[in-house]
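Sequence lines, in order, name chains A and B. FYI, this note's numbering numbers position 166 of the first sequence as 166, with every residue one higher than the one before it. FYI, this note's numbering numbers position 96 of the second sequence as 302, with every residue one higher than the one before it.
Check the hints yourself; a few may be wrong.
[Unchecked claim] Computed from the model, here is a short list of chain B residues facing chain A with C-beta under 10 Å:
hint	residue
1	D276
2	V280
3	Q328
No wet-lab data here; the hints were simulated from the structure. Note that this is a predicted model, so its numbers are computed, not measured. A virtual CB, placed ideally from N, CA and C, is assigned to each residue, including glycine.
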Amino acid sequence: MTIKVAIINYGIGNIRSLYNSLKKIEIEAEIITDPESIYKFDKVFLPGVGSYKDAIEKIKKIGWDKAIKNFSSNQNKSLFGICVGMQILSTYGYEHGISNGLDIIKGEILRMDEHGCELKLPHIGWNNIKVLNKNLLTENLNNEDNFYFVNSYSFKTVNSNELIATTSYGIEFPSIINKQNVFGTQFHPEKSSKAGIQILKNFINA
Amino acid sequence: MLKVRIITTMLWNGSTLVKGNKFENEKRSAGSPLTTVKIYDSRDVDEILFFDISRNNKTIDKDFILSITDCVSVPITIGGGIEKISQMNDLFEYGADKIAINSIIFKNPDIIDKASKLFGSQAITVSIDVKKKNQNYECYYDLGKIKSNRKLNDLLVECVDRGAGEIIINCIDNDGLMKGYDNKLIHQTSSLVNVPIVASGGAGNYEHFYEAYKNGADAFAAASIYHFTKHTPAEAKKYLLKKKVPIRENFIIE
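Okay, chain A solo, but in the shape it has when bound (with noise of 0.2 Å):
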């Protein structure tokens, strides 16, 4: 049986590099609109980019936030979200005044200079990751791998086994995240070249 291969479009995110991204690893993905075409899946991705705000209402607008929870909370389903998409997978958000995001990863996104980041923001470019715990996202990259980030926001986790790769820029933040079956990278493995299409070809052999 062949993997079924989703990106969610809710209006945001550059869903286009991600696709050819895909197709260099021979996945066809279905670019969806429709929150109830989810279920036909068996590995979505949630893409991003902008503020936490801006997206997650976005996504409530379309009542992509309970299809989403419902497709996740099957466990042999698994979805992958990148950038912002990673970001509304926590409890809240604090870009541009307080939001409730999807709850599917316990845990808040701050302005890094909140963490105590006296570096410029936004934290952009490409930087190296540090495996904490061993993940089968990844499988086969090392510390010395670096992925293309953009964000002036980072993910605060509540549960430490749940943090699986940090990124030190000013402070340590998370790069990977991983609850059962959702995942999360802080950068965009559709703009990392070879070890992006790595963790790319991580989660769909998974």
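We have chain A; now place chain B onto it with these hints.
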């Protein structure tokens, strides 16, 4: 740790890639954009700068831009003749990660505020082209053809205050000569503003990148060195790594 970036610059004249000296670009063809971008992407360059210097791009050619961005698995910055928010919107939709603007900042500087609010500062790069005059720098626009009356330092500070997320500082005198960047210019720029600085204009060997790094550059853009010599982004990285410069090493499965 955040890495410095090796960037390849591509100049598109509407029919082919070109690269000349001191902004006189029409004399020397530099190949097909699709082939070139694919090679750069496969050789693990950190970022691609793509400039349309044809000035025929009032409306963005969707199919052409998509043909380029579809080949790229690293960030790509697109510039050249951009004067409107609607053009930027199109370019982001067609896969640009950042937009570079130059001439319009002299005519309508408010566009920096508008664009950075709309797309985020991280997506708005201002490119500044200068020529040396005595001990100072003069700022040029419209492909280096028109001299502005703006002082470099004032212009840099204004652009960053308005929301520019990055500065490409380009020395027209050194462009294409492959004798090194203008390190004084890079130092002056990087000491003045607190956003990433992309050195541009003059790189001819890997030591030139290292010199720019020591003068505060966060990224090294170059064209001729990759078009016309045997130098490659991958070799540049090896060289800089030996000098303990933080560089993204190419990903290899062990």
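Failing hints, ascending? As far as the earlier hints go, not one is violated by this structure.
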